[in-house]
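Participant: Quick note, the sequences are listed as chains A and B, same order.
Quick note: the first sequence uses this note's numbering, first residue 135, plus one each step.
Quick note: the second sequence uses this note's numbering, first residue 507, plus one each step.
Hint data in this document are derived by calculation from the structure and do not stem from the laboratory.
Treat the hints with care, as some may be off.
As the list claims (entries may be wrong) - Per label pair, the in silico range of CB-to-CB distance: (1) A/Glu390 - B/Gly595: 53 to 61 angstroms; (2) A/Gln311 - B/Lys745: 39 to 47 angstroms; (3) A/Ser147 - B/Arg673: 19 to 27 angstroms; (4) B/Ile529 - A/Ser268: 23 to 31 angstroms; (5) A/Arg239 - B/Ile574: 39 to 47 angstroms; (6) A/Lys342 - B/Leu706: 51 to 59 angstroms.
Claimed, not checked - With a Cα cut of at most 25 angstroms, we get these calculated DMTMM-like pairs of lysine to aspartate or glutamate: (7) B/Lys751 - A/Glu340; (8) A/Lys208 - B/Glu517; (9) A/Lys208 - B/Glu748; (10) B/Lys751 - A/Glu139.
Given the structure is predicted, the values throughout are model-derived calculations rather than measurements.
Glycine is no exception: its CB is placed at the ideal position from the N, C-alpha and C atoms.
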Amino acid sequence: MIKVENLVKKYGSLTAVDNISFSVAKGEIVGLLGPNGAGKSTTMKILTCFMPANSGNVEVAGYNVFSQSLEVRKHIGYMPENVPLYPEMRVNEYLYYRGKLKGLRGNKLKERLKKVIDSCQLSHQDSRIIEQLSKGNRQRIGLADALISDPALLVLDEPTIGLDPNQVIKVRDLIYQIGKDRTVILSTHILSEVETVCERAIIMNEGKIVFDDSMSSFIGSGEKSYVCEVNVPASELKEALQKLPEVINIEISEAENWAKAKFQSNNDALDLRESIYNISRDNNWALRTLDVKSPSLEEIFVSKTAR
Amino acid sequence: MRNFLTLYKRELSSLYLTPTGYIVMCVFLAVLGWVFWLLVRVLNLPENFKLEEGVFSIMFGGTFFYWIVLAGISAALTMRLFAEERRSGTIEVLTTAPVTDIQVTLSKYFASLSFLLLIWVPTIIYVIVLGQFATVDYGVVFAGYVGTFLLCGLLTSVGLLISSFTRSQFVSFIVSFVVILMLFSLSFMQNIVTPFWRDLYRYASILEQFNDFRMGVISSRGVVYFLSLSIFLLFCTIKSVESRKWR
Chain A
135 MIKVENLVKK YGSLTAVDNI SFSVAKGEIV GLLGPNGAGK STTMKILTCF MPANSGNVEV
195 AGYNVFSQSL EVRKHIGYMP ENVPLYPEMR VNEYLYYRGK LKGLRGNKLK ERLKKVIDSC
255 QLSHQDSRII EQLSKGNRQR IGLADALISD PALLVLDEPT IGLDPNQVIK VRDLIYQIGK
315 DRTVILSTHI LSEVETVCER AIIMNEGKIV FDDSMSSFIG SGEKSYVCEV NVPASELKEA
375 LQKLPEVINI EISEAENWAK AKFQSNNDAL DLRESIYNIS RDNNWALRTL DVKSPSLEEI
435 FVSKTAR
Chain B
507 MRNFLTLYKR ELSSLYLTPT GYIVMCVFLA VLGWVFWLLV RVLNLPENFK LEEGVFSIMF
567 GGTFFYWIVL AGISAALTMR LFAEERRSGT IEVLTTAPVT DIQVTLSKYF ASLSFLLLIW
627 VPTIIYVIVL GQFATVDYGV VFAGYVGTFL LCGLLTSVGL LISSFTRSQF VSFIVSFVVI
687 LMLFSLSFMQ NIVTPFWRDL YRYASILEQF NDFRMGVISS RGVVYFLSLS IFLLFCTIKS
747 VESRKWR
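All chains, please: the whole structure from these sequences, using the hints.
Facilitator: What follows is the structure, given as structure tokens:
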């Protein structure tokens, strides 16, 4: 659905997108992450034909974004950051106008209008003037606008920003539902959003792609972190842990007679929790915490984009 | 074509859903009404009875007010066309919809021009009223309106082009207003240049070309002049809008 090859975009002397390549298959839900200034919005603006690239090749649905821009735009539903709207129009008027602009007519348009207004929970606001609406509602109008023509590709730039927690959950569910039968690429700062909604994460930093993998493959891999807490002095715990050959990177802290150790294993196939339990049972220690977790997206994000 | 009509209707709606259109209309009709009244009073003074010109040949282009007001309202109506869209960011959702730059530009042009022509319609009342009390040369009136409409077409295209260069409505207004006034004043250049250039300036001068219409003559020279300039400026505007794809 999306094919990006050696994309470069410069604003004067500043290179916003530095020779990136990736592709998105039909039906995938991809999260584009990165710190501010990473090049996410620029990449999306190039994908949606808003601005041209300096070099490289970008294709959407098989059409080139530069030479076949009109065809590309027929297949895309785009929601820019900050959702720009016409303040003097009413919600239903605006969506009706956008639907017409995207090629919908007559009953089909009315049907789609009703559907997106319901899906985005705008039914109670549909005859209000846009200027009077809250940010959250405006966000929902932007989403409804992106969805109205039932596009094959949805490009969403920070779709849940400014929404309250309830709305965030509903919008995420909505994206997840609609992502089942179309391709979605969304950019966000909220890592948990990518973890819950997306199948794949692409992390950008300073114009380059630093991470590109499916969520399922990295959740099962990577260095697991263990944590345990026992009621002995820190030094004793550390000594015991060091005896285990698989344990590496031990961090010990002590508080109120309880020692807490965080460490990693150099053998992912082995679950060290059993060994830790055995040690504490053999030494008659009270064991308060014993847990293991895979690296979170946040940890990967921080490690890849730290400055 | 459908996209053009959809865009055209939306542009027109933004003029009657916001105060701008109404303010422009009120100011325009107030000034023109005052000019009309003043002309009738002045031409009724005994010392002016020998004058050849009637009210309407002076109202259309014979007074300073006509040119200033037209420059002002053209600049005011066109200032938001592209500048506001750029500033608010709606240009992004507009240009990423499946519409062409030509459709976007022409819809804005015709919406603005339609409104500008529409606000002239109430002035028909002056013609009807005067016609009850005096002899009106309807040829002059008709040619005056035609000339005015062509002139409005030209001024709208100037304003639209300038609006496409900037994000600030204020800058668009000021620059459009000044450019239009400079175009009007080109006719005065005739008096200070060499004979070789004089003819060129006379042909290029808006005031000169408009004179025929004031006299009641709809000449092909005048029509071609206004239409061709408007079309050329529209072409430049389309290129200016397309130029975002080159940067």
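Participant: Look at each hint and say if it fits the structure.
Facilitator: These are the hints, each one checked on the structure:
For A/Glu390 and B/Gly595, the hinted distance range of 53 to 61 angstroms is satisfied, since their beta carbons lie about 55 angstroms from each other. Against the hinted window of 39 to 47 angstroms, the Cβ-Cβ separation of A/Gln311 and B/Lys745 comes to about 43 angstroms, which satisfies the hint. Look at A/Ser147 against B/Arg673: about 22 angstroms separates their beta carbons, and that is inside 19 to 27 angstroms. For B/Ile529 paired with A/Ser268, a C-beta distance near 29 angstroms keeps the hint of 23 to 31 angstroms intact.
Checking the proposed 39 to 47 angstroms range against A/Arg239 and B/Ile574 shows it holds: the Cβ atoms sit about 45 angstroms from each other. Against the hinted window of 51 to 59 angstroms, the Cβ-Cβ separation of A/Lys342 and B/Leu706 comes to about 57 angstroms, which satisfies the hint. Taking the CA atoms of B/Lys751 and A/Glu340, the gap is about 24 angstroms. The hint holds against a cut of 25 angstroms. A hinted pair counts as satisfied when its Cα atoms are at most 25 angstroms apart, and A/Lys208 with B/Glu517 qualifies at roughly 22 angstroms.
In summary, the hint linking A/Lys208 to B/Glu748 is supported, as the alpha carbons are separated by about 19 angstroms, within the 25 angstroms threshold. For the suggested pair B/Lys751 and A/Glu139, the alpha carbons sit about 19 angstroms apart, so the restraint of at most 25 angstroms is met.
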